[in-house]
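J.: Here's the letter readout for the chains.
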Amino acid sequence: MADWQPLRFMQAPGPKAGRMRFSVYRFDPEGDAGPGTQEYVLDDLTPDMMLLDALLRIKEQDETLGFRRSCGEGVCGSDAMNINGRNGLACITRLGELVEPVKLRPLPGIPVIRDLIVDMDNFYRQYREVEPWLQAREAQPEVERFQLPEERERLDGLYECILCGCCSAACPSYWWNPDRFLGPAALLQAARFIEDSRDEACDKRLDQLDDAYKLFRCHSIMNCVDVCPKGLNPTEAIERIRKRMLRNST
Amino acid sequence: MRPERRRFDALVIGAGGGGLRAALQLANAEATVAVVSKVFPTRSHTVAAQGGVNASLANVLPDNWHWHMFDTIKGSDYLGDQDAIEYMCRAAPKAVYELEHFGVPFSRLENGRIYQRAFGGQSQHFGGEQAARTCAAADRTGHAILHSLYQQNIRARTHFFDEHFALDLLRDESGRVLGALVFDIATGESVVIEAKVTLLATGGAAQVYRTNTNALINTGDGMAMALRAGVPLQDMEFVQFHPTGIAGKGMLITEGVRGEGGYLVNGEGERFMERYAPNARDLASRDVVSRAIVTEIREGRGCGPRRDHVLLKLDHLGEALINRRLPAIRETARTFVNADPVRDPIPVFPTAHYTMGGIPTNRHGQVVAPTADAPEEPVEGLYAVGECACVSVHGANRLGGNSLLDIVVFGRAAANHMIDYLAEHRYHRPLPEAAVEGPRARLDRWDEARGEASVPELRRELQRTMEEYAGVFREQESLDEGVARVRAIREQLELAAIGDHSRVFNTARVEALELVNLADVALAVVTSAAARRESRGAHSRVDHPDRDDARWLKHSLFSLAEGMDYKPVRIKPLTVDSFPPKERTY
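First to last, the protein sequences are chains H and V.
When you number the first sequence by my numbering, it's gap-free, plus one each residue, and the end is 250.
When you number the second sequence by my numbering, it's gap-free, plus one each residue, and the end is 1586.
If you are wondering where the hints come from, they were derived from the structure by calculation, not from laboratory data.
Virtual Cβ for every residue (Gly too), placed ideally from N, Cα, C.
Possibly wrong hints are sitting among the right ones.
Said to hold, decoys possible - Taking CB as the label site, the calculated pair distances span:
{"#": "1", "chain 1": "H", "residue 1": "ASN122", "chain 2": "V", "residue 2": "LYS1582", "range": "56 to 62 Å"}
{"#": "2", "chain 1": "V", "residue 1": "GLU1448", "chain 2": "H", "residue 2": "GLY34", "range": "46 to 52 Å"}
{"#": "3", "chain 1": "V", "residue 1": "ASN1323", "chain 2": "H", "residue 2": "GLY96", "range": "24 to 30 Å"}
{"#": "4", "chain 1": "H", "residue 1": "GLY31", "chain 2": "V", "residue 2": "ALA1320", "range": "54 to 60 Å"}
{"#": "5", "chain 1": "V", "residue 1": "GLU1437", "chain 2": "H", "residue 2": "GLY34", "range": "37 to 43 Å"}
{"#": "6", "chain 1": "V", "residue 1": "GLU1448", "chain 2": "H", "residue 2": "ASP32", "range": "23 to 29 Å"}
{"#": "7", "chain 1": "H", "residue 1": "ALA136", "chain 2": "V", "residue 2": "ASN1279", "range": "38 to 44 Å"}
{"#": "8", "chain 1": "V", "residue 1": "GLN1476", "chain 2": "H", "residue 2": "GLY85", "range": "52 to 58 Å"}
{"#": "9", "chain 1": "H", "residue 1": "HIS219", "chain 2": "V", "residue 2": "ASP1344", "range": "37 to 43 Å"}
{"#": "10", "chain 1": "V", "residue 1": "GLY1318", "chain 2": "H", "residue 2": "VAL99", "range": "33 to 39 Å"}
Claimed, not checked - EDC-like cross-link-like pairs, simulated, lysine to aspartate or glutamate; straight-line CA separation at most 20 Å:
{"#": "11", "chain 1": "H", "residue 1": "LYS243", "chain 2": "H", "residue 2": "ASP179"}
{"#": "12", "chain 1": "H", "residue 1": "LYS230", "chain 2": "V", "residue 2": "GLU1331"}
{"#": "13", "chain 1": "H", "residue 1": "LYS59", "chain 2": "V", "residue 2": "ASP1548"}
{"#": "14", "chain 1": "H", "residue 1": "LYS230", "chain 2": "H", "residue 2": "GLU153"}
{"#": "15", "chain 1": "H", "residue 1": "LYS243", "chain 2": "H", "residue 2": "ASP210"}
{"#": "16", "chain 1": "V", "residue 1": "LYS1094", "chain 2": "H", "residue 2": "GLU142"}
{"#": "17", "chain 1": "H", "residue 1": "LYS243", "chain 2": "H", "residue 2": "ASP156"}
{"#": "18", "chain 1": "V", "residue 1": "LYS1094", "chain 2": "H", "residue 2": "GLU138"}
{"#": "19", "chain 1": "H", "residue 1": "LYS59", "chain 2": "V", "residue 2": "ASP1340"}
{"#": "20", "chain 1": "H", "residue 1": "LYS59", "chain 2": "V", "residue 2": "ASP1500"}
{"#": "21", "chain 1": "V", "residue 1": "LYS1582", "chain 2": "V", "residue 2": "ASP1548"}
{"#": "22", "chain 1": "H", "residue 1": "LYS59", "chain 2": "V", "residue 2": "GLU1461"}
{"#": "23", "chain 1": "H", "residue 1": "LYS103", "chain 2": "H", "residue 2": "ASP226"}
{"#": "24", "chain 1": "H", "residue 1": "LYS59", "chain 2": "V", "residue 2": "GLU1331"}
{"#": "25", "chain 1": "H", "residue 1": "LYS243", "chain 2": "H", "residue 2": "GLU200"}
{"#": "26", "chain 1": "H", "residue 1": "LYS59", "chain 2": "V", "residue 2": "GLU1452"}
{"#": "27", "chain 1": "H", "residue 1": "LYS230", "chain 2": "V", "residue 2": "ASP1549"}
{"#": "28", "chain 1": "H", "residue 1": "LYS230", "chain 2": "V", "residue 2": "GLU1319"}
Claimed, not checked - To give an idea of the chain H side of the interface with chain V (calculated C-beta under 8 Å), a few residues:
{"#": "29", "residue": "PRO29"}
{"#": "30", "residue": "GLU30"}
{"#": "31", "residue": "GLU144"}
Using the sequences and the hints given, assemble the complete structure.
T.: This is how it looks when you write it as structure tokens:
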């Protein structure tokens, strides 16, 4: 086949490529030096590239830089970090939106394991604490349980959470009481099941949350809403739980 | 230092939908289960599946499992095994109802039942009118399923080894699989996990291509572990290129967009799919649509200043429908191409997406390999499910919506068979010390500096090589060149070094181990593709443009030691008549 040539998509010439500076938090738990920051400079970046693209290029230059990443499209929740003072996902943060030097720090208020990698154990423990699984005692039908579209709509804005941790790590109440306040992410999960018409453990769930710390440390500061990369609203979800508690108690 | 030893009844490697569905079944049967995952479970790539899961619930249009079976066999270009396909399509409704009972927040119809949408390659009455068989949770079905399965596993108290990387299977002298050597990424410490039975559920390997829809973690680890254990990989030449990845970037745009009424246009504004698939048009099988797009572009009818992509139009669907049924697509398009699909079309290009081939299994999930006596002898103690496996329900081309189905149906089936296996094998077999040495050396090797070759450079070269020499359209000369290049990359990898020898969260070492796996899988893909001299499903040879059932209606088997071998397709279903191969048009 003389006319046969491999074909590949070539990116159309985009906005002008340029140089950017990054200031990245470094911590090597095995080394003697304490935490610090390291400067990196990258060339040929375009404003429509994502921060994760830049981090992957830094990683090619410096294999010792540690960060988590996987899907690259904002659905797995691996690459949450503090970007110029604000929590977000590197893979859906456009370079063009960032002022320089781009300051990259681990999620605040959570123990650091290494560089941009934090220890999420407490966060996951709190997720498990709200018993995030559907609880139904009635015998299961041989087909699906019915749920009306308007009942299903009550889960919109709740079920989409990707457990990235941006919200809890942005919450001053969580910073103060990470062991006792469940934090916005776990409470959003609690709301996801409390609001589900198929769940039969609503009262038990409300009782478990009726505690001075677990839920009521939320002071509606709304940092969680501000940073959620999926556009979810944990503050409103917590408010919904409170209202139900109130209704139950009267 | 000797690694820590842990003992479980069952070991599941991989925490995507297949692994978690199996783990749940095992845990519910009171087996002790360890799930090893190199990422926290909800970050597994099942989370990114969008459009939905197929089952003939007939909630929207008339349907039954037999039509689903026909569509799947035709979609597979007759390379799928008809016993496994019958099993899967019959089990589908029950599998989906189970997911609903687990808590999956499916979208709903006015009558409260699960919403179903049209998807590619679906028909009523064995090739008639379009069917609506894909059960969806908006366009986040994979997320909804993965999170629900993880939640159920928390309830069932499954034991998770999060952020642990599996190095290799452990086998005794007879070849029986006795567990795996893994290491804790956070500490660098190795752990021997002994198990009476082991399941590989490590997902796909589209990271062998430069532009792909896959997560960075999709590096074919389980496939490569099987190869190293002497198990061949089946039908690896069949790699699905999804018609609608975002051009140049690769993010997936679900087929559900076309299922909801979106369509493709070329640079002349023409709905070109009408010429390639007069009946199904934009909902033809993925291989057909991907070839059509590449052909349009080759013939100069692409879009944009370089005429190098086509456009996916959905603005006519209206903002309300897009927000209700395709919200994540709207988000993705806004983020990655700065286009709002409510007004603007999305530039798309066929993008490496799914590995139809994999570790050969039977419909119970048992890994099977040829022996001197039989083409399909079970490997004792080893199972595989999902994208890393090849059962084979997808044959030469997978239908959209059948991969989420594959993982839940066969995750469950494999676990049930494993439970029976555990009843017959009540005790752990002794693990010879020597079994751990090889895998241990594969890890320690990266502590030595052997040479100059760098892992990131070799990875880039491998991905470019595969894209250039084993893409949508293939040809002998370039495939042969591809084989030579991949072999050369594997040799250089032997001498590669990494610039980080720390213990704690050493991601450079993880990436090096992943590249070794990717390179083995790439060799399987390109070697199998060079050997198959016909066009079938996703494998399109410009020098052999027709399907050749007389010579090639057979499964490929690639092994590291012996190269290519073949075995027959299982044409006979379980209870119904076989669907003999016929011409495939849409």
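J.: Are any of the numbered hints broken by this structure? If so, which, sorted upward?
T.: Of the numbered hints, 2, 11, 13, 19, 24 and 27 do not hold.
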